[in-house]
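Chain residues, written in single-letter form:
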Amino acid sequence: MGFLQSGFDSLAAMAAMMPLQPPAASTIANSVDQLYLMLSGITIFFSVLIFSIIFYFMLKYRRKSPNESGTQTHTPMSLELTWTIIPSLICVGLFVWSSSLYVRNGRPPASSTEIFVIGKQWMWHLQHPEGPREINELHVPVGVPVKLTMTSQDVIHDFYIPAFRVKKDVLPGRYSSIWFQPTETGTFHLFCAQYCGTNHSEMIGWVYVMSPTDYAVWLAGGEKTESMAAQGERLYSQFGCGNCHSPEAGSHAPSLAGIYGKPQKMQSGETRIVDEALIRQAIYFPNSVHLPNYQSIMPTYQGQIDEEQMLQLIAYVKSLGSEERMNGK
Amino acid sequence: MSTSQEKPVESGVNYLNATYGIRSWLLTLDHKRIGLLYLGSITLMFFVGGMAAVLMRLHLTEPQGALFEPETYNKLFSTHGIIMVFFFLVPSIPATLGNFLIPLMIGARDVAFPKLNLMSWYIFITGAALALYATLSGGVDTGWTFYPPYSSLYSHTQVVAVALGVFVAGFSSILTGLNFIVTIHKMRAPGMTWFRLPLFIWAMYATSLIFVLGTPVIAITLFLLGMERILHVGIFDPSVGGDPLLFQHLFWFYSHPAVYIMILPGMGVVSELITAFSRKKIFGYAFVAFSSLSIAVISFVVWGHHMFVTGQSIYAGLVFSVLSFLVAIPSAVKVFNWTATLYKGSISYEAPMLYALGFIGLFTIGGLTGLFLAALATDVHLNGTYFIVAHFHYVMVGGAVMAYMGGLHFWWPKITGRLYPDLWARIAAAIIFIGFNLTFFPQFVLGYLGMPRRYAIYPAEFQVLNVMSSAGASILGIGYIIPLVYFIWSMRYGPPAGKNPWGAKGLEWTTQSPPLTQNFEEIPIVTEDAYNYASEAAHV
Amino acid sequence: MSELAHGAHPQGFAHQFEDVEQQRDAGRLGMWVFLVTEILFFGGMFASYTIYRALHYESFVTGSHLLKVRFGATNTYVLIGSSLTMALAIRAAQTGKKKGQIIFWLILTMILGAAFIGIKLHYEWFRDYQEGLIPGVQWFYNGPHAPGVKMFMCFYFFMTGLHAIHMVAGLGILTVLVIMTARNKFSPEYYAPLEISGLYWHFVDIVWIFLFALLYLIGGRYPGS
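Residue numbers (the numbering used here), protein chains in the order written: chain A, 1 to 329; chain B, 1 to 540; chain C, 1 to 225.
Some hints could be false.
To be verified - Calculated pairs, DMTMM-like style, for lysine to aspartate or glutamate (alpha carbon to alpha carbon, straight line, at most 25 Å):
#	chain 1	residue 1	chain 2	residue 2
1	B	K499	B	E522
2	A	K60	B	D243
3	A	K120	B	D243
4	A	K60	B	D422
5	C	K98	C	E38
6	C	K150	A	D275
Source of the hints: derived by calculation from the structure; they are not laboratory data.
Just so we're clear, the structure is a prediction, and the values are computed from it rather than from any experiment.
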């Protein structure tokens, strides 16, 4: 493997001089590039093969006289099978390789830092759980896995960082997520990659990967902002959620202490995990969430709470341990 | 068999001069005249769509955009896509060459339903007129994919008018497909068994299956989108329980098979050209025929590969990925069979053959780059970038349009009874080949570098590749104009072609050029396989 | 194959064909292919409806209960009856009955078809209009699950509306058939247009049966509801 690795390194060095690929700045970038290289190799191989055979035949079998015909040849089944089976095997190999890469790359490590993204025409709003907000910029520390939870306020967008080889559509009405772990510091492009209207091509920005100390400095500097959970707590009391959801309020509504991430049985018998999507659904479409032992009396907050506030409320609920921390403390 | 020594006679009565006057054309029931009516309409649409492309590439020579505001650029790429896909590529070979040739090739006098055939043309130009009207009265800026919620709730352009135009034109496809299926099933001449059919017919049959099964779904999809816009009911609006991804599933359920509508006829043409210009039976006839059918069938179960990054489940991704790899295999089989057909052939290099060979090379590249997109891990990086744009232009332009050009050049003498200057045709083919590669190869690189598609402005580091691409586009444009000139010239000044200027096999070459209105004096009785080129001079 | 003398071809023969047999086969195959396209056409709508029903089951049940199921059921019988009369018309032609009898059954089919549309318009859609249940046109529903009910009603009107358009087209075709019969175009040797129109009519009937089951009968209904 070391031999292959140095081979790839030299190719990478050549590539840096004549960029055919973006910087490889995340833990998965090299593996994606390797697959890309293999695919390119196969493409070049078969194209050159076909082109060469065609050129050779074109020259060797060019017509010598106007009335000449070709010579009939027999079609051996073995040849047909060979050139059906070999491409099939290549495809199977490529499928297995790319799928295992895809599945592996799809699972964020448990220790990921979470950052939240809202796409809207035509800018990216990003919020760190510690509080700082960014527009069209994302500061992250190197060597730390980062999970982005994203939604759109309007149309479908797509969050794309070429240098990390990650991309995911950002849709209204639901959360999507990607993760990455940067491997080098630097500044990298951020693009919207799903056409979203007039200024789609201006919905771009920069990702700044910093050393952990620089990142900590950046995080602490700037305007003093509350953490998302604290902002969520304020919203929680502003909208009177405690009127039903606190233990003093009786049994109108389930307690929220420690519910995040736990399985919840629904009235239909189905079990769902209490995640961002379920909390959002409960706040915007309460009539569609039926819990056993509770009446459907929760009002909807659609139109009153926007997507950014939703993420802050969710951050607050996440922060609730099994001790009681409600009532505005 | 020698036909080049026969002196071509000036044609007497034929389908072109049998009746005169505009009514005899606008009310014709002759499949050959209908084919020409389509030829005129889609050529017009090709140049409209091409104009949009020229403007786009000129604009993209500068990172901040050389010519237009983003809004205008967005309308240009949307118009380009809509017109090229729905009003040029989908009808191109089927409606022109298919209409003209299918009855001739199978030994019939016309298609099964000639009146339906004429009606299909009128439906097509109605749809095209609607789309052109929409383009001229504000345009549309949703992209040819019309994704909601942008297209349903946010765009202020002529979405409904264009969607209606596409909806209407879709019925033209459906009826044409229906006509072809019945014609091929029921009207073959005596002795013309399925396995004696030219491979163009197999390809047209497979294409027609997709026409009739896929097109109704895009009709419903656009209907739902139109209703949402007109009635303001949130079919695809998440805030009222709608799902924008439902639109994408419905849209791609048609639009993926649609791309095979665009390539299968081209593959059929290439089979005819390769055999005619190497004067040899096709290598692996049954394999090529069944490949066409397999492609048509498998094409219906791969649509999800357009949606790998939408957040669909990993399992859906895996299923669509493996099926997308599978659909590549029959195409590979065809490429190998065409190449092997050249072996021990007697090959000549007139323009149609140059186009056919160009097709094989460019389709190979285009098809293989599809594997990058069928592969989940690479598709994540490449989706929504110029890599996709390059991929589909390689198969659509390097593939389908080159096959169309090859077919036009091959059958032009039969259609018009005239020859065009082959030297100019070869020059144009070479210009097209060079211009095409210069336009689209840099876009593969741009895509991997991360430049997204549908961008009116872009980071300066991408400029060199964009300028290369635009330079190629201007060359490509010139390449397409040259045939227009000599084809028109040939209709008046071209030397008479005679029955069979190429010495090719096939029932269409046994009739006069141009053919009689009723195609054959007597319906032929078929006794030999397709491409039955006897070996007269042994090849050493 | 030599050309037959013109008089040897029966009425209605189209000259792109070699013989009547070929024409009849082609006509039948053509109609079946057309019906397949219609299955895909309605199918796209049915698929969307099914997906939304799965996602919003309760709302769809609520919406379904707002439909006038008695009239829907009546219409189902009406259409099945019209398929019977259509089949009888074809049978009459097949067995060489007088044209008056064929026309009788055709007109009865048309009456039943018109009755279907009339019942739909008057007892269902007009009442929906009065109750404010037509999204985008007249909508003032205030009950539970309003967004989902609106979605349901959208699909209800799209699906039954498309079906109704096909019915009206069918009535047009039947009118043409009546005229053709009156002009003595049909005989036991040549009644293909009747046959293939019958196929179309039966198909429209079958689509309705699916619509009725999917739209009107979900979530179960109790007597009297």
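For each hint, the structure was consulted:
| no. | hint | in the structure |
| --- | --- | --- |
| 1 | B:K499 / B:E522 | holds (16 Å) |
| 2 | A:K60 / B:D243 | violated (59 Å) |
| 3 | A:K120 / B:D243 | holds (18 Å) |
| 4 | A:K60 / B:D422 | holds (22 Å) |
| 5 | C:K98 / C:E38 | violated (34 Å) |
| 6 | C:K150 / A:D275 | violated (28 Å) |
In summary, the numbered hints that this structure violates are 2, 5, 6.
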